[in-house]
Each structure stands twice: as structure tokens, then as C-alpha cells.
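One line per chain: the protein sequences are L, W and H, in this order. Number 22 in the working numbering belongs to position 23 of the first sequence; there are no gaps in the numbering. Number 303 in the working numbering belongs to position 245 of the second sequence; there are no gaps in the numbering. Number 76 in the working numbering belongs to position 73 of the third sequence; there are no gaps in the numbering.
Calculated from the structure, these hints are not laboratory results. Note that beta-carbon positions come from the ideal geometry of N, C-alpha and C, so glycine has one too. Any given hint could be a false lead.
Partial chain H-side listing against chain L, Cβ under 7 angstroms, derived [claimed, not checked]:
no., residue
1, 51
2, 52
3, 109
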Amino acid sequence: MTYEHFAVLIVIVPLMSAFVVALLGWFKRWACYPLTLAALFVSFICSLGILNTVISKGTIHYHLGGWEPPWGIEYVVDYLNGFMLVMLSFIALVVAIYSKKSIEQEIPERLVPYYSIFLLLVTGLIGITVTGDLFNVFVFLEIASLAAYALIAVGEDGAPMAAFNYVIMGTIGACFYYLGIGYVYIVTGSLNMADLSQILPNLYHNKAVLVGFALFTVGIAVKMGLFPLHVWLPDSYTYAPSVTSAVIAPMFTKVMAYLMVRIFFTLFNPHFSIDLIPITQILTWVAAGGIIAGSILAIAQTDLKRMLAYSSIANIGYIVLGIGLANRMGLTGSLLHILNHAFMKGTLFLVAGGIMYKMGMRDITQFRGLHKKMPFTMAAFTIAALSMIGIPPTGGFFSKFYLVLGAIDARQWAFIVVLLTSSLLNAVYFFRIIENAYLEPPVTAYATDGGTHEEIKRDELPLSMLIPTLILAAGVVLLGIFNERIIAFIIRFAVPASF
Amino acid sequence: MEIVYSIKPLLAVLVSLIAAPLILLTGEKHKNVREFWTILAALIKFSVVVSMIPLITDGKIIEYTILPIIPGVPLQLRVEPFGMIFALLSSTLWIATSFYSIGYMRGLNEHAQTRYFFGFAMCMSAAIGIAFSANLLTLFVFYEILTISTWPLVVHKETQEAVMGGRKYLFYTLTAGTLILFSTAMLYNLTGTLDFRAGGFLAGHGSPAIQTLLLITLILGFGVKGGIMPMHEWLPTAMVAPTPVSALLHAVAVVKAGVFGCLRVILFIFGPKLLGDLGLWLPLAYFVSFTILAAGLLALGQDHLKRRLAFSTVNCLSIMVLGAALLSKSSITGGILHMAFHGFMKITLFFCAGAIYVKTHKEYVSQLDGLGRQMPLTFAAFTIGAMGLAGVPPVNGFISKWYLCLGAMESKEIVFLFILLTSALLDVAFFFPIIYKAFFKKPLDDVKPHFDEAPMFMVVPLVVTAVMAVILGVYPDAFFRFFNITALAVNNILGVS
Amino acid sequence: MFEYIVSKYNYWVYIFLMMLGLYGMIGKKNLVKKLIGMNIFQVAIILFYISIGSKVGASIPILTAEDLHGMADPVKYMNPLPHVLMLTAIVVGIATTGVALGIIIMVYNRYKTLAEDEILEIRKKSGV
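Assemble the whole structure, with the sequences as input and the hints as a guide.
Below is the structure:
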């Protein structure tokens with residue numbers, strides 16, 4: 000057991016398994032699911048090992064093929080991506096456990112290729128997080144994006160058009176990203192992040208570097224779903240199969256947010272991103288717009304997944320707001336929110352998938368009495384909803400609290416109002432569902448003679464779907480209770496030291 | 059001040075938190091087992107809280123740190139005199155309400171009883187948590203848990219009216235939550251700590267403008283639950299809940315939590331000295347005085363019995379805050395004592411209203427003619443409660459009102475004395491007609507001429523609380539040592555400043 | 004001024020192509036034409052990269068026999084790194100085109116048309 004290769008195993012295992020699943024599935028359909036689970040489990044173990052190594056020994060530098068950077072590609076894992084790797088592999092594993100029954104019901108004829116591409120998606124996302132080379136990020140980004148386009152396109156009626164729009168917009172974003180790499184490369188001649196962070200400070204006045212930076216920002220913003228470049232997001236999340244939404248929503252946009260933090264604060268100095276170009280200032284206003292727009296549009300929806308999609312846009316706004324505030328509290332809140340939101344949105348989309356599985360519809364207005372039919376599922380939903388609103392002791396409260404502290408530190412009162420108002424807006428659209436689910440269809444002769452009402456039979460999700468949902472819901476609560484430990488041991492070091 | 063480290067505060071909070079899922083699991087199938095969990099939890103909680111009385115009266119403080127949350131602010135429980143008062147009140151009255159609820163629910167054959175008892179247990183946990191919170195963040199955590207766990211109780215009836223009431227409740231309380239969150243963050247930013255300290259910890263941090271702003275946001279935030287006008291609007295609407303809910307939560311636990319929060323703000327965050335220096339106590343006192351008078355007047359016009367009681371509650375809550383705002387030794391004593399004693403009286407009144415409803419389905423004051431003949435115990439208890447609120451000895455309300463009036467005179471603003479006396483007159487004005495109608499008016503046709511009370515499960519608790527109100531009125535230190543503990547609290551508050 | 008334009012002609016060409024591709028993606032209604040626009044967009048960026056690697060009077064980056072004796076002088080060769088990067092980018096472009104074409108086939112099977120405005124009409128009618 001060579002621990003030093005975990006950093007590359009975490010990418011190789013899902014990648015190779017994708018091919019093995021595709022081949023093996025041709026002969027034995029039933030083998031896909033266990034193989035996928037095995038691959039993702041190995042990834043998860045690797046991520047734990049990596050985090051452990053980072054905490055005990057410091058940043059990991061893994062040189063692929065033994066080539067020294069900056070000529071070779073290296074994988075760098077520090078605190079920032081250490082915890083993200085654990086989060087990504089864990090959620091991927093949990094959603095994969097959940098996926099079987101859901102896929103069999105929604106798209107049975109495409110089971111084998113689905114799992115294969117699922118593994119490719121996870122490979123891509125983990126690869127973006129683990130690598131320390133700019134162009135390598137682009138490669139993995141495209142792997143993940145293409146996998147995402149495919150996974151979305153096999154959904155229901157509106158899915159192909161949604162996927163096509165996503166293809167167009169996503170490609171523009173990715174192209175901007177690697178165009179930015181080009182500009183930076185012309186001036187510096189290096190693609191390695193650590194190397195660039197040494198070379199670039201002398202070149203901050205250079206126009207090519209500035210253009211590159213701008214292109215990075217816009218490219219990542221498109222892929223992240225940052226308002227107003229979010230247009231592809233609602234349709235894609237809504238029409239995709241349940242499992243796809245459940246795996247893309249918690250993971251993809253967060254990885255893009257991570258990339259933004261990397262580029263703003265590791266690649267370029269914090270001094271550059273905050274003082275020289277006030278990109279962080281601009282981002283805070285953009286993010287605030289996203290928060291408000293996302294929250295208000297979510298209220299207008301009756302389709303559960305579409306509502307969650309707009310809610311995701313608002314939450315990306317929170318994360319970018321934290322990045323934009325650019326102080327210790329704000330960035331801590333942002334990173335904590337990445338973690339919390341992944342679990343919260345994961346739970347919510349898993350519940351949405353579960354409701355789709357049992358009831359075949361997602362219309363909120365039809366949810367009356369759902370808590371009698373699926374009590375545990377709705378309990379998980381309620382916990383995640385309370386966390387999204389920001390009720391302690393769930394995790395969502397603490398990340399919002401840190402964001403508010405960050406806004407106070409920065410003396411930006413407008414954002415405090417934005418943050419708190421959006422919590423109330425969240426309460427509106429989540430409580431609507433909680434009301435509908437928990438209050439049965441009204442019956443007139445209730446209070447006095449204990450009147451009868453149509454018995455709703457208990458019809459809970461199958462265990463393979465229910466347990467992952469509950470695990471993520473429990474995670475939401477645990478992340479809240481233990482948030483201080485997480486911050487003290489990990490996030491505190493992930494925030495750049497100069498803050 | 060000697061600090062004792064013990065797990066008892068955590069136990070007090072956890073007892074009902076553990077009982078809650080047990081209640082859920084037991085469900086409708088084993089009703090008696092489910093009720094057993096509720097009563098067992100109530101009794102254990104009560105005994106744990108009471109067991110800490112000797113240490114408190116000895117002048118010690120009990121602490122228990124649960125978890126760190128943010129640097130310098132852990133999730134921490136601290137049992138000190140002021141919090142003890144609220145905890146004693148809640149845990150005692152929970153026992154009474156548990157029995158009463160069982161009677162009420164079974165008497166009306168209500169639906170969703172499991173959900174009801176589950177919500178009740180959760181909210182009691184939150185209430186004790188609020189009482190024992192050592193810092194503002196812990197208080198906020200339990201405060202929001204209280205909000206969420208009382209929502210299913212408010213919307214219990216599931217009618218359109220109940221749902222709307224629930225929505226209004228959530229709107230008010232969650233907005234209040236955001237105000238408190240903002241204030242918490244500002245306080246942390248200014249002072250680096252959120253620990254409650256008798257006599258306040260904000261002095262010396264931040265400009266007077268910021269301190270004034272914080273006072274406004276905090277009072278507005280806590281005032282929503284505490285029923286201070288104009289944030290009281292949710293309270294009469296929330297009377298749509300079943301009476302036991304109204305009784306314990308809206309007359310005793312939820313609104314008391316709001317007032318408790320206000321008092322924590324005035325006495326433990328700002329402190330008498332800072333408020334005196336800033337001169338903010340006077341505007342605050344005027345602000346709540348408006349509520350006292352307005353609520354009293356509005357109560358006169360209400361025919362619906364529970365709504366009349368709701369406005370009376372609003373009136374009393376602001377009297378408690380007034381007591382603290384006047385910043386004098388007697389007035390603070392009166393305010394804290396009133397917090398405890400009012401609970402006994404108000405819960406008796408609500409219990410009576412519920413008993414009347416269960417027995418006769420009557421909700422309006424105008425329907426109560428002659429009912430005293432049929433339900434003498436109920437109305438006797440009602441009389442005791444009403445007398446106490448008006449400040450008539452030997453009910454315990456007299457003692458707290460006495461101290462409040464003393465305090466008003468000590469504060470050198472005589473207008474508040476008049477406000478308190480006017481409020482007492484208003485109390486007479488809207489309660490005694492009920493008593494008069496019940497005992498002295500000719501009975502309406504459907505009143506039975508013989509003794510026909512509500513079920514025993516309901517009548518016994520209300521008689522017990524009424525009797526306790528009288529006992530405490532004669533001997534305020536009986537068993538709970540309310541008076542002693544309050545005196546300790548006031549000394550801490552004023553001594554440090 | 005003229006000097007400025009002429010000496011940096013590679014940048015102007017790629018920008019022109021990129022805008023052409025962008026126009027195609029946004030302005031055209033037919034899905035296939037959008038796809039072609041996307042391709043042009045990607046090709047423009049590929050051209051950009053290749054152009055930055057070239058030098059006046061340099062030879063292609065292949066080691067000749069005589070250079071193997073002694074040190075090879077890097078100045079004589081064009082920069083091979085952008086070429087290599089663009090190999091990757093070309094493959095990515097092809098893969099994207101493939102996926103997009105697959106999606107277009109799905110769209111066609113579903114809506115029997117490839118014009119975006121007609122598709123929107125059909126979707127509005129069927130409530131999707």
C-alpha cells in the first residue's frame with residue numbers, strides 16, 4: 000500500500016473503471032453497478048488518505064511520470080483541495096449507491112453507458128480539483144463537461160434541447176478559459192500553477208496577463224452558473240434524470256468555485272485580485288444580484304427541481320460573495336458553504352429523485368400528505384430545507400453566519416441585507432413545500448368527532464435510495480454541529496495566510 | 059462566584075430531546091405509552107432543574123460547555139439565577155400542561171396527537187436551552203429551534219386559518235431571527251465575545267450610535283416573540299392553536315423566551331450602567347409603555363376569550379420589560395418576579411378557557427353567562443388568576459406588581475407608576491366582567507344547573523396552578539425559592555455595574 | 004497604425020474567426036449551424052495558440068540527425084508546446100462536436116426539425 004500514489008490513484012481508478020464498466024457491461028449488465036461502487040469507494044479511501052497526509056505532512060506534490068515541474072504535470076494537494084476531494088468522492092459514492100433503482104426506472108436501456116459516463120464525470124471533477132497544472136485543469140474540465148452534457152441529454156422531454164444549450168454555453172466558457180491560459184502562457188512560458196505564482200507578480204501590469212485574467216474569470220463564471228451567465232442551469236438541472244441532477248448540482252459548480260479561488264488567490268496574489276484589479280468588488284455585486292434573482296425566481300416555480308436549480312444559482316451567489324468579500328471570515332464562510340451546500344443540495348435532489356421515483360411527478364402543489372407516504376424522505380427534506388434557510392444547528396446557519404461576519408468586517412452593509420433577505424426568501428419557498436407535505440388534504444369534520452380521512456398508505460423509498468438520502472441529511476446536521484472542528488483543522492489553513 | 063462544572067444543565071435540555079423521537083416512534087398505536095414518555099420526561103426535567111436550586115441559592119454557578127462553535131464562543135450552558143427562574147417556570151408548568159394536554163386532546167378526540175406531543179417535547183427542550191444559554195449565540199440556536207418546533211403546534215388544526223396563522227408566525231419570527239443574527243454578528247465583531255455577563259459586556263465597545271442601533275435591532279428581534287407592539291401581531295392570530303399550545307407556549311414559554319431575551323439584552327449585554335449612560339432606558343420604557351396601555355385597551359374590545367387573554371399577555375410582557383428598562387433595584391426585581399409569577403396566573407386562565415371550550419364549545423365572553431354554576435372550580439381558578447394579574451393579594455401577582463411600582467417610584471419618573479396603575483385598572487376592567495357574568499348573571503339556556511366540569515385531567519392542573527399562585531403569593535420563597543433567586547440575580551446585575 | 008495591424012495580423016485573424024463563430028452560435032437558428040459556429044470558435048483559438056508558437060525563420064520542431072551530436076539549439080525551432088496543447092484541444096473539439104451531434108440527432112427525432120424557433124413553438128405547445 001503505497002500512500003504516495005493516492006493522489007494519482009484517485010483519478011486513475013474511476014477513469015479506468017469507466018472503460019471497464021463500458022466493456023464489461025456489454026456482457027454482464029448487472030456488473031456495472033457494483034463495479035462503479037467499488038471504483039468510487041476506492042476513490043473515497045484515497046481521498047481520506049490524501050487529506051490525512053496533507054494534515055500530517057503538509058502539501059502533497061505528486062509529479063506525474065517522475066517529470067519535474069514546470070516541464071511535467073504535477074498534482075498538488077493542499078488544505079483547500081484536500082477537503083474538497085473528500086467531499087466530492089463521498090457525495091459521488093453516496094449518489095452512486097442511490098442511483099440503481101432510479102436509473103432502472105427512468106432510463107433502463109441506457110444503464111451501462113450511463114454508469115460509464117458517470118465515472119468519467121467523477122474523474123473529471125476530481126481531476127480538476129487535484130491537479131496543479133493549468134492546462135490539465137482544462138482537460139479534466141472538458142472531460143467532466145462532456146460527461147455532464149451526455150448525462151443531461153438522456154433525460155426527459157426537454158433534456159436534449161437543454162443539453163444542447165448547455166453544450167454551446169459551456170463550450171464558450173471552457174474556450175474562454177483556455178484562451179486565457181494562452182495569454183498567460185505567451186508572457187510567462189509556464190503552465191504550472193506554483194511556477195506561475197512566482198513568475199506572475201512581476202508581470203501584473205502586463206496587458207496580456209490582464210486579458211488572461213479576465214478570460215479566466217468569465218470562463219469560470221459561465222461554467223459556474225454565476226448570474227447573469229447562469230441561463231443554461233435551470234433547464235439542465237430540471238430535465239436531467241434524477242441521478243444526474245443529484246450528482247452534478249452538488250459537485251460541478253462547487254469545483255468551479257474552487258477553481259476560482261485557486262486562480263484568484265493562489266495563482267494570482269490576493270494583492271492582485273483585491274487591490275490591483277478590484278475583481279473581488281465587482282464579484283460581490285454580481286453575486287448579490289445572483290442571490291436575489293435566484294431566490295425570487297425560485298419562489299415562482301412549481302416544479303421542484305426547477306426551484307432547486309434557481310436555489311442553486313442563489314447559493315453560488317453566496318459562495319462567490321464570500322470570495323468577493325476577500326477577508327478571512329468571508330472566505331471561511333464561502334469554503335464552509337461549499338461543503339454545506341454540496342450536502343444540502345445533494346439531499347434535496349435525492350429527495351426530488353425519490354419523489355419522482357414513487358410518484359412520477361414533481362409538481363409541488365401535488366405534495367399534500369406526502370409525509371404520510373414517505374415520512375423519512377420528507378424528514379430528510381425538512382432537515383435540508385431548514386439548513387438552506389439557515390436555522391441552527393444545521394450547517395447552513397454557520398456558513399451564513401460567517402458570511403455575515405465577513406460582510407461586517409468589510410463594512411459592506413448592503414450585502415448583509417442581501418444575505419438576510421435571501422434567507423427569508425428561502426424560507427418562503429421551502430416552507431411552502433413543507434406545508435404541503437405535512438398538512439394533509441383538509442377534511443371538514445376534523446376537530447370534533449375525529450373524522451375520517453382517506454388513508455394514505457406508507458410507501459417509502461427502497462433502502463438503496465433511502466439510506467443515501469438519510470446519510471446526506473445526517474451529514475448536513477453533523478457539518479453544522481462540528482463546523483468549528485472543520486474550520487479549525489482544515490479551512491483555517493485553506494484560506495490564504497495573508498488574509 | 060464559584061463555578062461548578064456539571065452535566066446537569068445538558069441533561070435538563072436533553073431529556074425531552076430524547077423523549078421526542080420516542081414519542082414519534084411509539085405513535086398512535088400505544089397512546090398510553092406515548093403519554094407516559096411525555097410525563098416521564100416532564101418529571102425528570104423538573105427534578106433535574108430543581109436539584110440545581112440549592113447550588114444556585116448558595117451563590118454558585120453551574121456551567122457545561124457542549125462544543126466550540128466559533129472562536130471564543132462555544133455552545134455553552136450556564137445555570138445562574140436569572141436563567142434558573144425561567145427554567146423553573148417552564149419545567150414546572152410543563153408538567154401541568156402535559157396532563158392538561160392529555161385531557162384536552164382526548165376530550166376532543168383530536169387528530170395528529172403524536173405530532174403534537176413531539177412538537178411539545180422539542181419545544182420544551184429549546185425553552186430550557188434558552189434559559190440556560192451562556193452566550194447570545196447559544197441562545198440564538200435554541201431560539202430558532204423553538205421557532206421551528208412550535209410551528210407544527212400552531213398549524214395543528216390544519217385549517218386554512220391555522221395555516222395562515224402559521225405563516226404569519228413564521229414570517230414574524232424568522233424576520234426577528236435575521237435581526238438577532240445581524241446583532242449577534244455585530245456584537246461579535248465589536249467585542250469578540252458573546253458571553254452574557256451580569257451588568258453587561260458591551261460598555262466601552264463601539265460608538266454610541268452603533269450601540270443604539272444594536273439596542274434597537276435586538277429589542278425588535280426579541281420583541282417579536284416577546285409581544286412588544288408593533289411586533290405583537292402574530293400573537294392573537296396564533297390563538298388558532300389548541301388551547302394547551304396557547305397556554306404553555308404563548309402564555310408561558312415562547313413569549314417568555316422573547317421577554318427573557320429582552321431582559322438578557324437589557325441586563326446582561328448592555329447592562330444598567332450603559333443604558334443609564336446612554337440615556338436609552340427612557341425611550342425604551344416609553345416604547346413598552348405604549349404597548350402596556352394599548353394592549354390593555356384592545357383587550358377590552360375582544361369578545362373572543364382567548365384573544366382577550368392574548369392581549370392581556372401582551373400587556374403583561376411589556377410590563378416585565380418595563381421593569382427591566384427602569385433600571386432600579388426594585389423594578390428589575392419586580393420585572394423578573396413578574397416573569398415567573400405571571401406564568402402561573404396566565405396558564406391558569408388559559409387552562410380555564412380550554413376547559414370551557416372542551417366542555418361547552420363556547421369561545422366567546424358573551425356566551426359565558428351563568429357558567430360559574432356549572433363549572434365552579436374552573437371559574438374559581440379563573441378568578442384567582444385574574445385577581446393576581448390585577449395585583450390583588452394574596453395571589454402572587456400582587457408581589458411582583460408591588461415591586462414594580464416601588465421601582466417606578468425609585469426611577470424618579472412617576473409617569474410609569476401611573477402607567478402601571480392604569481394597567482391594573484384595565485386588568486380589572488376586562489377580567490371582572492367575565493367573573494361577574496359567570497357567577498352573577500342568569501344562566502343561558504344550555505347551561506346545566508348542576509356541577510358538570512371538564513374532564514379531571516384538565517380541571518386538576520388548573521386548580522393546582524391556581525393554588526400554587528396563591529401559595530406563592532403568601533410565601534414567595536415557597537419550594538422554588540423564587541424570591542431568593544431573583545434577589546441573587548438582581549444583586550449580580552447591579553453589583554457588577 | 005497600419006504597422007500595428009499588419010504586424011499582429013495573426014491576432015486579428017483569430018479574433019475575426021472567433022467573432023464569426025460567436026455570431027454563428029448566437030445568430031443562427033439552425034442547430035447544426037450553431038454547432039458549426041462553435042467549431043469555428045474553437046478553431047479560432049487553436050489558430051491563436053499555433054500562431055504564438057511560431058517564430059520568424061524557425062524550423063519545425065523535429066530534431067535532425069546532425070543536431071543530435073552536441074546540443075540542439077532551441078532558438079532554431081518553433082515552440083512545440085502550443086502544438087501539443089492544441090492536439091489536446093482539437094481532440095476535445097471533436098469530442099464536443101460528436102456529443103453535440105448526438106444530441107442534435109435526439110432533438111431531431113423528438114421534434115422533427117432543427118430550427119430553434121420551431122422547436123420553441125413545439126415546446127410551448129406541449130408545455131415542456
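Cross-check of the supplied hints:
| no. | hint | verdict |
| --- | --- | --- |
| 1 | 51 | 6 angstroms, holds |
| 2 | 52 | 5 angstroms, holds |
| 3 | 109 | 4 angstroms, holds |
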